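Listed below, chain by chain, are the residues.
6 protein chains.
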Amino acid sequence: MTQFPYLQKANRSFVDREVTKVGDIIHEWNASNIRGVGLLGAPLSKSSISHSGACFAPGTIRKALSGFSTYAIEDGIDLAEWDIQDLGDITMHVTDITESQNRVYKTVASLLKENPTWLPIILGGDNSITYPTVKGFSKAKGNVGVIQFDAHHDVRNLMDGGPSNGTQFRSLLETETIEGKNLIQVGIRNFSNSKPYHDYVNKKDVTIYTMKDVRNKKMVDIMKESIHTLKPRVESIYISVDMDVVDQSQAPGCSAIGPGGMDAVDLFEAITYLGEQPMVEGLEIVEVDPTVDFRDMTSRVAAHVILHFLKGKQKGGLSFD
Amino acid sequence: MTQFPYLQKANRSFVDREVTKVGDIIHEWNASNIRGVGLLGAPLSKSSISHSGACFAPGTIRKALSGFSTYAIEDGIDLAEWDIQDLGDITMHVTDITESQNRVYKTVASLLKENPTWLPIILGGDNSITYPTVKGFSKAKGNVGVIQFDAHHDVRNLMDGGPSNGTQFRSLLETETIEGKNLIQVGIRNFSNSKPYHDYVNKKDVTIYTMKDVRNKKMVDIMKESIHTLKPRVESIYISVDMDVVDQSQAPGCSAIGPGGMDAVDLFEAITYLGEQPMVEGLEIVEVDPTVDFRDMTSRVAAHVILHFLKGKQKGGLSFD
Amino acid sequence: MTQFPYLQKANRSFVDREVTKVGDIIHEWNASNIRGVGLLGAPLSKSSISHSGACFAPGTIRKALSGFSTYAIEDGIDLAEWDIQDLGDITMHVTDITESQNRVYKTVASLLKENPTWLPIILGGDNSITYPTVKGFSKAKGNVGVIQFDAHHDVRNLMDGGPSNGTQFRSLLETETIEGKNLIQVGIRNFSNSKPYHDYVNKKDVTIYTMKDVRNKKMVDIMKESIHTLKPRVESIYISVDMDVVDQSQAPGCSAIGPGGMDAVDLFEAITYLGEQPMVEGLEIVEVDPTVDFRDMTSRVAAHVILHFLKGKQKGGLSFD
Amino acid sequence: MTQFPYLQKANRSFVDREVTKVGDIIHEWNASNIRGVGLLGAPLSKSSISHSGACFAPGTIRKALSGFSTYAIEDGIDLAEWDIQDLGDITMHVTDITESQNRVYKTVASLLKENPTWLPIILGGDNSITYPTVKGFSKAKGNVGVIQFDAHHDVRNLMDGGPSNGTQFRSLLETETIEGKNLIQVGIRNFSNSKPYHDYVNKKDVTIYTMKDVRNKKMVDIMKESIHTLKPRVESIYISVDMDVVDQSQAPGCSAIGPGGMDAVDLFEAITYLGEQPMVEGLEIVEVDPTVDFRDMTSRVAAHVILHFLKGKQKGGLSFD
Amino acid sequence: MTQFPYLQKANRSFVDREVTKVGDIIHEWNASNIRGVGLLGAPLSKSSISHSGACFAPGTIRKALSGFSTYAIEDGIDLAEWDIQDLGDITMHVTDITESQNRVYKTVASLLKENPTWLPIILGGDNSITYPTVKGFSKAKGNVGVIQFDAHHDVRNLMDGGPSNGTQFRSLLETETIEGKNLIQVGIRNFSNSKPYHDYVNKKDVTIYTMKDVRNKKMVDIMKESIHTLKPRVESIYISVDMDVVDQSQAPGCSAIGPGGMDAVDLFEAITYLGEQPMVEGLEIVEVDPTVDFRDMTSRVAAHVILHFLKGKQKGGLSFD
Amino acid sequence: MTQFPYLQKANRSFVDREVTKVGDIIHEWNASNIRGVGLLGAPLSKSSISHSGACFAPGTIRKALSGFSTYAIEDGIDLAEWDIQDLGDITMHVTDITESQNRVYKTVASLLKENPTWLPIILGGDNSITYPTVKGFSKAKGNVGVIQFDAHHDVRNLMDGGPSNGTQFRSLLETETIEGKNLIQVGIRNFSNSKPYHDYVNKKDVTIYTMKDVRNKKMVDIMKESIHTLKPRVESIYISVDMDVVDQSQAPGCSAIGPGGMDAVDLFEAITYLGEQPMVEGLEIVEVDPTVDFRDMTSRVAAHVILHFLKGKQKGGLSFD
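Protein chains in written order, with full-length UniProt numbering: chain D, 1 to 321; chain P, 1 to 321; chain F, 1 to 321; chain A, 1 to 321; chain H, 1 to 321; chain R, 1 to 321.
Please keep in mind that the hints were generated in silico from the structure rather than gathered at the bench. Among the hints, erroneous ones may be present.
[Unchecked claim] Capping the alpha-carbon separation at 20 Å, the derived lysine to aspartate or glutamate pairs in EDC-like fashion look like this:
#, chain 1, residue 1, chain 2, residue 2
1, D, LYS315, D, ASP266
2, A, LYS217, P, ASP266
3, P, LYS181, P, ASP199
4, H, LYS217, R, ASP266
5, P, LYS203, P, GLU235
6, P, LYS212, F, ASP75
7, R, LYS212, D, ASP75
8, P, LYS212, F, ASP160
9, R, LYS195, D, GLU18
10, R, LYS217, D, ASP266
11, A, LYS217, P, GLU74
12, P, LYS218, F, ASP83
13, P, LYS195, F, ASP75
14, F, LYS195, F, ASP160
15, D, LYS195, H, ASP78
16, A, LYS212, P, GLU74
17, H, LYS195, R, ASP24
18, P, LYS203, F, GLU18
19, R, LYS203, D, GLU18
20, P, LYS9, H, ASP83
21, R, LYS212, D, GLU18
22, F, LYS212, A, ASP96
23, F, LYS139, F, GLU176
24, A, LYS203, P, ASP75
25, H, LYS195, R, ASP266
Model, not experiment: these values are computed from the prediction.
Use the sequences and the hints to build the structure in full.
What follows is the structure in structure tokens.
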């Protein structure tokens, strides 16, 4: 369009020729083989116990992500050469929630089967997607460990409302998709969980780090312990971040907010360390609800979680050649 | 508690001994026979095509309703002597939407069976509840006519998403719960409906009054025509108000808002007239989404719809002696 | 992607196979010849006297437009067969406002030169773009008449701040781009204009319809008079809609809001009538500021302005065969 | 400061040499004799039955007023030559509400005594100020008539909470500050008043125009009747505008909002007509609560009420020579 | 209602049979003797120097409290067996603020007299209630110490506005309700207090811990010192939490917010420690203003303050058998 | 006005005779010589790359500043005796951004020339003002060092958009207004800068402290190092605070927010230390955008930055006798 030098695609933002934004390295997937990191949206939140707009989070997280730069100055690491595929979103059924959850499972499983080198970054959606994502991930990877950042155990019974955003780890444990010993919950918070469910996870040998643990230990040490625990037991590790693990002042855009939560910087350090581990082969972020957020602050935290994960991956030697 | 003269129940508002508020004439139902007007909440909105918080509307409409006075000064009518039962809400299933819709049907049907003199005022929820409410109403009343205030036909196909808030009149027509000739749609708006669906309702002999009709005719005349049409054909008439029939400036708290809609005062006049008709034996209000409203303005309009209906009923001679 | 039947592009909304949305008939321009209607964004609002986010309006108007259906039920007109090109946005300079205005002029002029059958729909941006758009339009069309819907004359002097969103008609008149006799201002409002500027437009023989005129006459009659005035004098007519012509309760998202404005339905009737006139060959909408709007209400009014214009065009016989 | 040509007072807005804004003709009162129009703030709202931020309205109304121009194009009237005094605000006591009300009385009474030609425009605050303002006004003017624009009678008993924003007309009638025959209430609304209070005002011979009357008659005719009623009975007329008389869609920033209210343009016509009457010697605006408003829309309506009043005064021949 | 299995009370939230929520252990007081913890609302904020909606905080804190679970996982403590009485709210006078304050005193004093084992948790309201609450508490308990968490001294003179939310500790000291030596202020902040008032509290021998102290010492040590100071001097200790002691980023919903405040977790630790002390026999939370809060974040912090207090009480051996 | 004891200037807030607020020590400049601290507003934000309302920050920061008290209780320092001049705002051109920037330069330079003892506190505006402020400052002071608190390098190329809020340090370095060695950037953040710009500042010998440095070192030590670096090299030091250096949870009202930022208390400590240094002779705060802030929280942080600077100055012995 050299005749019309000032025409550009609608809604494009300012371009500085010397800045690589993350948006510049994300490309729509062309349905060929996926090599490396690929984003996948799972915009499901009708499964939430309380009203949730987490279905909009894949959009806001992508937008936040695109606006940051690729360069981690503190670490001297630049993601500018990477090529991240955006696989798009899983189409959700309007009125059949279990069908929607099933589509998550089928899509993750078949994508991983066809593209074994895909490193999935899954954008929820509410936490109910974790049952199908981990099920799909396990199908491809074998024996899987999960490190879950969450204020809540999320092992509710299924009789009182079906497979919701409070039941997914119960489902994973009961179906033996994962073993309790291979589940590590980090950031569990006071007055946010019931004693029966705490007893349940204990009985299942789940490892728990409460917020008191997080305040009293160094985060990197907790992560080292966690990897140490899982390494001999599993073939692959998946990271599930329920954004409500972060304190309400830093991540106000989640359904179930409260004080006493994790500092975002601690989360970034944990995620960076995990990113460096080759065994860690998947990441999901759930429970960001942009409709109750302030200035997409919580989606920006989510974007930084992804960026620190990628930084870790680059540090850890992941390459796409 | 005469020892503690200043103690009152939590969250109570100011009482003026010479003012009867609507809240004063609404009482929690004691599960005995219902005589007359009874409120029933149907807080379902997971069935909505686009994200909707209409599940919160039973609460906000009740609150708005309670704050108005019982006295219609323009008409010299006072509802102060009436006794309105609040039957509570229908419990919705967390993850099974069709089960939730089924519960609406079963509850309305069984309540009407046990309490044939109940005059239901049903607070949605999204428009998907209209299929089960009208089905339940029809079961009790026989051949039913429906006057629907709506910007949209709501006769979408069910293949593209199941029984949602866009399909309910399709379901009612296809299941022959009501006949097309017994359905009157008022307030249908430009650029809010597709031609195939317009053709569909025409083929089914549904009567349509577009917004152009509403602007060009007197509302009372449209209502007279409508009653005239239905009277010889049906045994009972049910009113369904999708609040998005009102202009977006007056009812901003609906999912699908737009300009060019109905003036609230025209709606009140229609509802008053319909209330006066003994054949009109039920009213529902749907699609109020308090999470996107401004100062509960739309719930206040909904409350006035109910009050004008009751005013009509009193004018029409309904009594509870 | 038949292997992955549930994968779709990110952020896509629900598809009903029997509904044509306006978004379905808008396509990104492929830089070949434009036949018929084409959208062009002019996201400039640094030129505004008071702080304005009108630069975001091309995005929000496109979004609102895409969500409405193509079918005007009141008129039996369906735009479903049309093909609307989206030419994208004009790139604005970050710090050189007059350069940005110049780019508007150059782009409109060269697009019209290369594509004489293009029917431009220009999405501002603030009202300052009207000087370059009309200048570009005039260059292509010859002697041009402008019908301006606006609460304000917008003939401020240029000494007190340069070519801003209050000066554009002064510039057009002083540069003799258009003659005063060929300018018709509709909706001019009390306490929103100064006497010296009223004297100025009178001296220039501009035709003025105040809001009092709008309240006392039928809008279609005002439009008939306006076309009657312009027809013998000009070769082409351009419509400029400053959205603040509409009352603040219906178009709250404009910089300079106030009571006593036009009803949106009157504006739609005017625009429909103008759309029917073959001489009317361009439309722009300016001064929508989404950052101060409520639920994109004002962008939805803007979308309806465009849709009524297209409806008029179809009624008037415009075809793309 | 010719050395520093670009320095200006903080927070000043753009100046166009050919525009006179209302802010340009308002000057801080220098404590000499007041000739003509003078603004007085009464920022009291602790007296409100429900939580109210009406104490902030003198500030927001002044701000809205200052931004409009002095020129009424529809009428060819320019206020640019007038000199409006801003007397400032009455200091309210932090914890003694009746003391605050008493200060309103004393200040209005003593100002009018010392400045008999002062035409007061009083900016509330809530409606409780009306008892002291009218008492002060009556002390200076003798037998006074009041035309009250309000959705509510505001004749609550004083036993249930003291002199609040619901009792002021009861106080005025009971203390015989004004006679019932000299009170005209315009815009009284359904479901916003109790029957006992309606009976009370009827017993006191208050004249009532409900919203039904307002919809069915021409506003100017109602005003003519009102002046006709009061003229032979009183020495001076005071206008009290409770902004909640206007529909909630146009004046959302009031405590007690609801649908079915007055159109702002009707109110402006009434006020213009009343402004023209020499007997009308005072105006107050109450119940604007900027803390629950949208974009100061309600303060903008209030500003237009004042401007139409001044326009009427100029039309009616008021001059300050 | 076994006939209607899906009917439930209006507005009820989701029930999981294995979760005890705090709402499940709070019951409306039946006016018999109170054993143990009882909530009492004091919804007064007309006494505030600046506009405050703290009168709504009893409602929002109750709501936040009800939604959390009873289980403190970090401490292995479950409140599920407790029975908390909700005494309701003290009725406030609409226009007589000192009468309202007096009602607080009379109600607290008579409740404690009739129910000496009541452990009061008082929900303000603004800080002005502290004078009557502590006066009532002292009447029942004898010589009382107060630990006040606050950014401000709140010892303003009473001449400049009467008994407001800035004067209550002045009143307590001047009336010798408490001695200066028995008052400990924690969290006093820079640029939030005047030197004369700092001099005043020093002269009265009040103990002050500024935010600098809080940043430099361990909170538990400050609390130990405080208890050590008070223990030999008083018969009972009362805790007063002005929520503005917390940093504005964590408690944005207070009238007088600013940076440099306390971390909520530090406050929880202090409150837990204090809860463990048998001498601590009362807690109040004031200055939460839900009308300026974001997502009831500040009420959630308040709820956690109460929960940590109860946790401390259970740890400290309080039992209700 | 002893006749009218309750009249006060409009919009005045509560006065406590024993409290000195910062507003009490700020006076409008009378154009005589300035002695000491003087505020100057530079309300320019049209130069911003992304839409910014930073032009409103001089107003909101002044308002926040005025409401705090003069007393730093933690330090025993009271500013009550000081006299701060408010020089007002620099008038910005409506449409010529470089002219506006030039006015900043000319005003700062000529003010400093005429008033060499003026200690400027400059309230932006966006960061683009830093080029003209430092240029003006350097003209008066000679060789100048700058300590910049910022998440970003702000050394963008000027070809892609002219002198914006991303280019100012590039301009200062390229024009040799300051040397790279004399620039210290504190708080530079991951994923907020590009590698080419990091390389650029390194090549120019700029000193960089990233957020990692800030987390790992004590802030006072960083400041000591910085002063140690600059002292032998420059004649005067200027502090530039881009408020986005602070974490998004504490300073949400900036254009470019993100997680992982500085704690406000660390910033206050840095600024206090710098204020104590006699060589530090100027301070500016930029990038506060009140239109996207929550409760002016970010302006309150800005006000505390100024207050800690003044506290430092008083500690450092600055006096105005």
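Each hint tested on the structure:
| no. | hint | in the structure |
| --- | --- | --- |
| 1 | D:LYS315 x D:ASP266 | holds, 18 Å |
| 2 | A:LYS217 x P:ASP266 | holds, 17 Å |
| 3 | P:LYS181 x P:ASP199 | holds, 15 Å |
| 4 | H:LYS217 x R:ASP266 | holds, 17 Å |
| 5 | P:LYS203 x P:GLU235 | violated, 23 Å |
| 6 | P:LYS212 x F:ASP75 | holds, 9 Å |
| 7 | R:LYS212 x D:ASP75 | holds, 9 Å |
| 8 | P:LYS212 x F:ASP160 | violated, 47 Å |
| 9 | R:LYS195 x D:GLU18 | holds, 8 Å |
| 10 | R:LYS217 x D:ASP266 | holds, 17 Å |
| 11 | A:LYS217 x P:GLU74 | holds, 14 Å |
| 12 | P:LYS218 x F:ASP83 | violated, 38 Å |
| 13 | P:LYS195 x F:ASP75 | holds, 11 Å |
| 14 | F:LYS195 x F:ASP160 | holds, 17 Å |
| 15 | D:LYS195 x H:ASP78 | holds, 7 Å |
| 16 | A:LYS212 x P:GLU74 | holds, 6 Å |
| 17 | H:LYS195 x R:ASP24 | holds, 14 Å |
| 18 | P:LYS203 x F:GLU18 | holds, 16 Å |
| 19 | R:LYS203 x D:GLU18 | holds, 16 Å |
| 20 | P:LYS9 x H:ASP83 | holds, 18 Å |
| 21 | R:LYS212 x D:GLU18 | violated, 24 Å |
| 22 | F:LYS212 x A:ASP96 | violated, 47 Å |
| 23 | F:LYS139 x F:GLU176 | holds, 12 Å |
| 24 | A:LYS203 x P:ASP75 | holds, 18 Å |
| 25 | H:LYS195 x R:ASP266 | violated, 25 Å |
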